[in-house]
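Novice: Residue strings, one per chain:
Number of protein chains: 2
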Amino acid sequence: MSRPLILLFLIVTALMPGQTTCQDDDALMISRIHDESLGNGRSWKWLTGLCTRHGGRIAGSHAYLEATDYTAGLLAGIPGVRAYKQDCQADHWIRGDHEEVVIKKSKAGKLKLKALSLGNSVATPPGGVTAEVIEVKSLDEVEKLGREKISGKIVFYNRPMDPTKIRTFSAYGGAADQRVYGPAKAAEYGAVAALVRSMTTQADDFPHTGVTVYKDSLNKIPGIAISTNDADRLSNLLSQGPVHIYCRTNCRQEGKKPAPTVIGEIRGSEFPDEIILVGGHLDSWDVGQGAHDDGAGCIQSAEVLRILTTLGYKPKRTIRCVLFSNEENGLAGGKTYAAESNRKGEFHLAAIESDAGGFSPRGFGFDADTSVFKTYYRNVSKWLPLLESYGLQFETGGGGADIGPLKSQKGLLVGLRPDSQRYFDFHHTANDRIENVNRRELELGAAAMASLVFLIDKYGIK
Amino acid sequence: MSRPLILLFLIVTALMPGQTTCQDDDALMISRIHDESLGNGRSWKWLTGLCTRHGGRIAGSHAYLEATDYTAGLLAGIPGVRAYKQDCQADHWIRGDHEEVVIKKSKAGKLKLKALSLGNSVATPPGGVTAEVIEVKSLDEVEKLGREKISGKIVFYNRPMDPTKIRTFSAYGGAADQRVYGPAKAAEYGAVAALVRSMTTQADDFPHTGVTVYKDSLNKIPGIAISTNDADRLSNLLSQGPVHIYCRTNCRQEGKKPAPTVIGEIRGSEFPDEIILVGGHLDSWDVGQGAHDDGAGCIQSAEVLRILTTLGYKPKRTIRCVLFSNEENGLAGGKTYAAESNRKGEFHLAAIESDAGGFSPRGFGFDADTSVFKTYYRNVSKWLPLLESYGLQFETGGGGADIGPLKSQKGLLVGLRPDSQRYFDFHHTANDRIENVNRRELELGAAAMASLVFLIDKYGIK
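These protein sequences, in sequence, are chains G and L.
Residue numbering for the first sequence follows our numbering, beginning at -5 and increasing consecutively.
Residue numbering for the second sequence follows our numbering, beginning at -5 and increasing consecutively.
None of these hints come from the bench; they were simulated from the model.
There could be a bad hint or two in this list.
If several chains are the same, the list does not tell them apart, and a pair holds so long as it fits within one copy or across any two.
Listed next, the in silico SDA-like pairs over lysine to any residue satisfying Cα-Cα at most 25 Å (straight line) [as the list claims (entries may be wrong)]:
| hint | residue 1 | residue 2 |
| --- | --- | --- |
| 1 | 376 | 160 |
| 2 | 329 | 261 |
| 3 | 308 | 399 |
| 4 | 39 | 230 |
| 5 | 108 | 430 |
| 6 | 250 | 114 |
| 7 | 108 | 261 |
| 8 | 401 | 174 |
| 9 | 159 | 38 |
| 10 | 159 | 303 |
| 11 | 104 | 339 |
| 12 | 159 | 17 |
| 13 | 143 | 174 |
| 14 | 159 | 22 |
Keep in mind it's a predicted model, so treat the numbers as computed, not measured.
Please take these sequences and the hints and turn them into a complete structure.
Specialist: Here it is as structure tokens:
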């Protein structure tokens, strides 16, 4: 039956007292949620505001603090929502004021590579560093080459993301160790800097930043992302003979800064102590606008509250929109939130995270403590027929970085799963901007989340 | 089981003689098809060539003829493929050399609206036409207003596409009658021209062209698309009082021109008389590059042949890639192809069309003559478990405009179903360009089609 026919059927049966079932009511509510999001939604307007006024909002920055005011204001404007901020301190890393330079100088001329320091990286010395480049495909290769080959060099990690993975997050998972742990590994063997091929399957000119992690006991060296096109160019040059590179960066840690998490809450009428969290992370990298990562998830989460309220839905359980701080380079928001929640003895019946971009939603992934997972998953799976006509599927394995620390409360963790094909076109780049978000796709994601929140609230999952 | 684990399992079992099943072999083949498309695919390179060298290829134009050479060359370059052209004559409509003007003149100044003549429209008189605008929401409204209110006016059709439809093609289907039949209906009641709100749910500045159809017995009046932003602006002006508009267009029919359909064929080894067609339409509108509509479908269809050939697959049945002519403004290619096929007594066991954009594939829609549909659909449905892990679903109702005339051969008609959310951002506009296609999404569509062709070829559907 087509969707209009289903609706007609539901409306007709809804007009016949005693003839409706829960499933009919639920289908009608889910249809109304989608109509509201697509027909009268605020997602697009709100995300446009967040991106254009408060882009590049790395935790601890002025832009971040402004974004907390903006989003707290949006939440406070939804009738029945109590908006507040949760104190959080985050390490404030800044890229510095001067241009980041990665350049190959030779008698033949200069070749300038597009470069971005990795998040939390140290800078080069003020005068920069020049050294021979050695290309590797893995951290293991650095170990095998050993100190003799690595010492004094610039290590260039150049293993591409595997384009044949159907889901791009799998390809990312198979390559990101080079960025996260590569500079520390290179430092362990005496390298003076590390270049990392950007995390995308696209051939383009955008360097992708992202966090790198040092071992505290070791000397720290600069980690710098270069674009995939420049990585191919550099690799090609290396195949012709030795290459020396000059790098100069000026990033630094500024110490702990206030970076509050933003919260908006509707108190439940029957079971206020059962919390259904819906959220994303408000911080972004300093480049770009943080449109897909993760402005989209934050705005969708706020929109869930607005949609349910606008439709007159009175939740039985407490529905809490949480816009976490510092996901990108420390996870201070998620850790602080969980610690505070545990301290108060709270229970999150469910936590739904949207942090995979504002693309066409394709379903949800579910996770929970093994002692409860089977029961929860069996119960939520009963709702799948209500959501399939919206192109949504369920799968095991889910959650997200910010809600991960809540797992010990033994509630359900859920990740929204949007189509992943375009995510790494924009992820952690200057190109993660509002014009690369599609309004309808964003709105469908908000509607999918609101539908799941509605079902969890109405029926519970136990 | 994750996809890597499935693959490992399949490879291990494939190495154990006598331990494999057909399903295992098929899963492995489908995985190889996807690896080839995503890892070594030609779709992106080929589509880039088609778009950048032979954009705006309306049937009968020089650009169209060049595109037939380009694509026939691509097909001929695939080992084992016989490439040829099928003669076809199409009405060649041209927009004309002068700027198309829709302008509101008043003492307060000029307001210029972004305008595009509808395809197959007549032009205004050379000096243009000025008249009062009357806004309507439907063809019925024109009838109700009658000759008294309509005569001498410019009718402005302004019913938006319904944004709450989950699938944008449903919303298009609910609004496109204004463009297709609106000018003829307005002419019937004495209007001097018709403006049509563009077919998109986006608020933007791109007018969307598309075919309009006249009744031969009636006077023909110009039909002109205006952007949704301009439609809103004009409607707002009309709410304040009468508005007069000046329009001038210079489009015209140039008569029948050669516009061949391009074909590439691999002859089947066992059942050469059972044809599996895979295709799209090579013509596009004159504005833009015809990237999504339907360069993507053409290139994906050619890529199906290349992928299967590259993997060493020898089809039992004849696999024929058909790039139809004149889908946009006459369907001469599809009609000529079916007539010729019927004349030769051919049988198309299946025909798969990709004409819904090069977006992330979400499945296939199936159709056939009622006498055979149930059997076919039951048989193909057995393959769904092989395709679900690629995000593909099956549904009833499918096919497409070009393969529609083949239905009388009582084979299976199939439409590739990509995600539809972004299609009408680009459809029939100057913005339908290669930079708005995502490489991976395009490649996944080609792989989905190749997988289905493989299964139909291997097992049949009867």
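Novice: State for each hint whether it applies.
Specialist: Going through the hints against the structure:
Taking identical chains as interchangeable, the C-alpha atoms of residue 376 and residue 160 lie at most 25 Å apart only when they sit on different chains, with a minimum of 22 Å there against 27 Å within one chain. In this homomeric assembly, residue 329 and residue 261 come within 25 Å of each other (Cα to Cα) only inside a single copy, at 23 Å, whereas the closest approach across copies is 63 Å. In the homo-oligomer, the alpha carbons of residue 308 and residue 399 never lie at most 25 Å apart, since the shortest distance is 28 Å inside one protomer and 53 Å across protomers. In this assembly of identical chains, the alpha carbons of residue 39 and residue 230 lie at most 25 Å apart only when taken from different copies (21 Å versus 45 Å within one copy).
When the C-alpha separation of residue 108 and residue 430 is checked against a cutoff of 25 Å, the pair qualifies both within a copy, at 21 Å, and between copies, at 23 Å. In this assembly of identical chains, residue 250 and residue 114 lie within 25 Å of each other by CA distance solely inside one copy; the values are 13 Å within and 66 Å between copies. Neither within a single protomer nor between protomers do residue 108 and residue 261 lie at most 25 Å apart by alpha-carbon distance, with minima of 49 Å and 49 Å respectively. Taking the shortest Cα distances, residue 401 and residue 174 sit within 25 Å of each other inside one copy (24 Å), while across copies they are farther apart (56 Å).
Taking the shortest Cα distances, residue 159 and residue 38 sit within 25 Å of each other only across copies (17 Å), while inside one copy they are farther apart (31 Å). In the homo-oligomer, the alpha carbons of residue 159 and residue 303 lie at most 25 Å apart only across protomers (22 Å), although the nearest pairing inside one protomer, at 40 Å, exceeds that limit. When the C-alpha separation of residue 104 and residue 339 is checked against a cutoff of 25 Å, the pair qualifies neither within a copy, at 61 Å, nor between copies, at 66 Å. With identical chains, the CA atoms of residue 159 and residue 17 are at most 25 Å apart between copies only, with a shortest distance of 21 Å across copies and 37 Å within one.
For a Cα distance limit of 25 Å, the shortest separation of residue 143 from residue 174 inside one copy, 22 Å, qualifies, whereas the shortest one across copies, 70 Å, does not. When the C-alpha separation of residue 159 and residue 22 is checked against a cutoff of 25 Å, the pair qualifies only between copies, where the shortest distance is 14 Å, while the shortest distance within a copy is 37 Å.
In this structure, the earlier hints numbered 3, 7, 11 are contradicted, and the remaining ones agree with it.
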